[in-house]
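Just so you know, the sequences run in chain order A and B.
Residue numbering for the first sequence follows my numbering, beginning at 299 and increasing consecutively.
Residue numbering for the second sequence follows my numbering, beginning at 249 and increasing consecutively.
Each hint should be verified, as a subset may be incorrect.
[To be verified] Below, computed lysine-lysine pairings styled on DSSO-like, alpha-carbon distance capped at 30 Å:
{"no.": "1", "chain 1": "A", "residue 1": "LYS379", "chain 2": "B", "residue 2": "LYS316"}
{"no.": "2", "chain 1": "A", "residue 1": "LYS374", "chain 2": "A", "residue 2": "LYS355"}
{"no.": "3", "chain 1": "A", "residue 1": "LYS379", "chain 2": "A", "residue 2": "LYS400"}
{"no.": "4", "chain 1": "A", "residue 1": "LYS355", "chain 2": "A", "residue 2": "LYS400"}
{"no.": "5", "chain 1": "B", "residue 1": "LYS316", "chain 2": "B", "residue 2": "LYS272"}
{"no.": "6", "chain 1": "B", "residue 1": "LYS326", "chain 2": "A", "residue 2": "LYS400"}
{"no.": "7", "chain 1": "A", "residue 1": "LYS366", "chain 2": "A", "residue 2": "LYS355"}
{"no.": "8", "chain 1": "B", "residue 1": "LYS326", "chain 2": "B", "residue 2": "LYS316"}
{"no.": "9", "chain 1": "A", "residue 1": "LYS400", "chain 2": "B", "residue 2": "LYS316"}
Derived from the structure by calculation, the hints contain no laboratory data.
Listed below are the residues making up each chain.
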Amino acid sequence: GQNIDQPTEMTATEGAIVQINCTYQTSGFNGLFWYQQHAGEAPTFLSYNVLDGLEEKGRFSSFLSRSKGYSYLLLKELQMKDSASYLCAVRFSGYSTLTFGKGTMLLVSP
Amino acid sequence: DAGVIQSPRHEVTEMGQEVTLRCKPISGHDYLFWYRQTMMRGLELLIYFNNNVPIDDSGMPEDRFSAKMPNASFSTLKIQPSEPRDSAVYFCATNPGTSGGMLDTQYFGPGTRLTVL
Numbered sequence: 299g300q301n302i303d304q305p306t307e308m309t310a311t312e313g314a315i316v317q318i319n320c321t322y323q324t325s326g327f328n329g330l331f332w333y334q335q336h337a338g339e340a341p342t343f344l345s346y347n348v349l350d351g352l353e354e355k356g357r358f359s360s361f362l363s364r365s366k367g368y369s370y371l372l373l374k375e376l377q378m379k380d381s382a383s384y385l386c387a388v389r390f391s392g393y394s395t396l397t398f399g400k401g402t403m404l405l406v407s408p
Numbered sequence: 249d250a251g252v253i254q255s256p257r258h259e260v261t262e263m264g265q266e267v268t269l270r271c272k273p274i275s276g277h278d279y280l281f282w283y284r285q286t287m288m289r290g291l292e293l294l295i296y297f298n299n300n301v302p303i304d305d306s307g308m309p310e311d312r313f314s315a316k317m318p319n320a321s322f323s324t325l326k327i328q329p330s331e332p333r334d335s336a337v338y339f340c341a342t343n344p345g346t347s348g349g350m351l352d353t354q355y356f357g358p359g360t361r362l363t364v365l
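Excised from the complex, chain B in its bound form (with noise of 0.2 Å):
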């Protein structure tokens, strides 16, 4: 399996634009999560789906951020209108099932630099 694909690597972007994010899981894992990182903040859950549904959104900083998973193969996080606060990395991350043990291990993908100017 090649793993979390998350794609762009790299964005950068002026303030008050649109950013896409986008996340293919590993194939058979029923979670996503996704999550930004920063230096002061850490690592941060923004949101997770569990079988394509979003189970607890909590963490989205504001309305600002929303998330889709319409199929087991594809996630996106979009930011719109963008500030340069929003400057992180963004990790996609997904787990086979939360049945306990080991199947709680979350595998991550590459991440998303994004840089708002």
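Same shape as in the complex, but just chain A (with noise of 0.2 Å):
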């Protein structure tokens, strides 16, 4: 199957830095998303990775590694409304859907 496989929770301070995982199999992978979903929101688009390395976008950065399956994204000077669900998604050679992961539920504490 295409498993997505991610962290179920993890916390941070404010201020901090704080690094969400992904793995998948690497099996007809033809790129990843990450969104953000607040509590009762939408998910939204956050980054796209298809090349190996980093995608940087002011305090979120995305990395990505093809050949072992892995993805990170990296919130830097963590902010209370970071507090959300973090959505790692993949799109597989031959397919028009995306698969996505269960989710990283983020909490950031004063």
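Quick one: dock chain against chain with the hints and give me the complex.
Laid out in structure tokens, this is it:
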């Protein structure tokens, strides 16, 4: 199957840095997306990786290693508003859909 | 653009009743996806359309669920009869097309929170 694995929950302190990992099967990989979902709201797009390396966008960065089937989302200078669920999603070749992980619930405390 | 529009935002109904959820996609987006989200199972793809044609409905849980897309501006997801285990948040999402890359980015509507008593 096309399992996407992420930790269920993480906690961090305001101002700190947190890394949320995502692993997936490498066969047929064709792009990886990160979404943020606040409680009671819809998922919103954060980042996209298809080549190896780091993509930086303000306080958020996303890294991809295609050979390892591994990605992480790095959040710097954490703020209380970053408390949310972070979803990793992969597109596999031959499919027009995205396969989503179950999400990592991040709680940022003062 | 107003983004993906869904209605109603909240629906409370009794077991056995028919429920119809509605979605208006972003103009020009060729793909439309219906998802269900629960704490236990996460985000599950139910069905998706390409240019108004249903492509894959293998995620539809049972025959009680049906979806239509009569035109490029409108889609419905119907549950008849509804059961308590159908209680979830239902999202509609669209993307411009799957030529690869960023065009695969899906844009989600606000969702419909369904409660079946």
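Hints versus structure:
1. A:LYS379 to B:LYS316: Answer violated: LYS379 of chain A to LYS316 of chain B is near 37 Å, above 30 Å.
2. A:LYS374 to A:LYS355: holds (11 Å)
3. A:LYS379 to A:LYS400: Holds, at roughly 21 Å.
4. A:LYS355 to A:LYS400: Since the Cα atoms of LYS355 of chain A and LYS400 of chain A sit roughly 23 Å apart, the hinted pair holds (cutoff 30 Å).
5. B:LYS316 to B:LYS272: Measuring from Cα to Cα gives roughly 12 Å; hence the hint holds.
6. B:LYS326 to A:LYS400: holds (25 Å)
7. A:LYS366 to A:LYS355: holds (23 Å)
8. B:LYS326 to B:LYS316: holds (9 Å)
9. A:LYS400 to B:LYS316: Within the cut-off at roughly 27 Å; holds.
Hint check: a violation occurs at hint 1 only; the rest are consistent with the structure.
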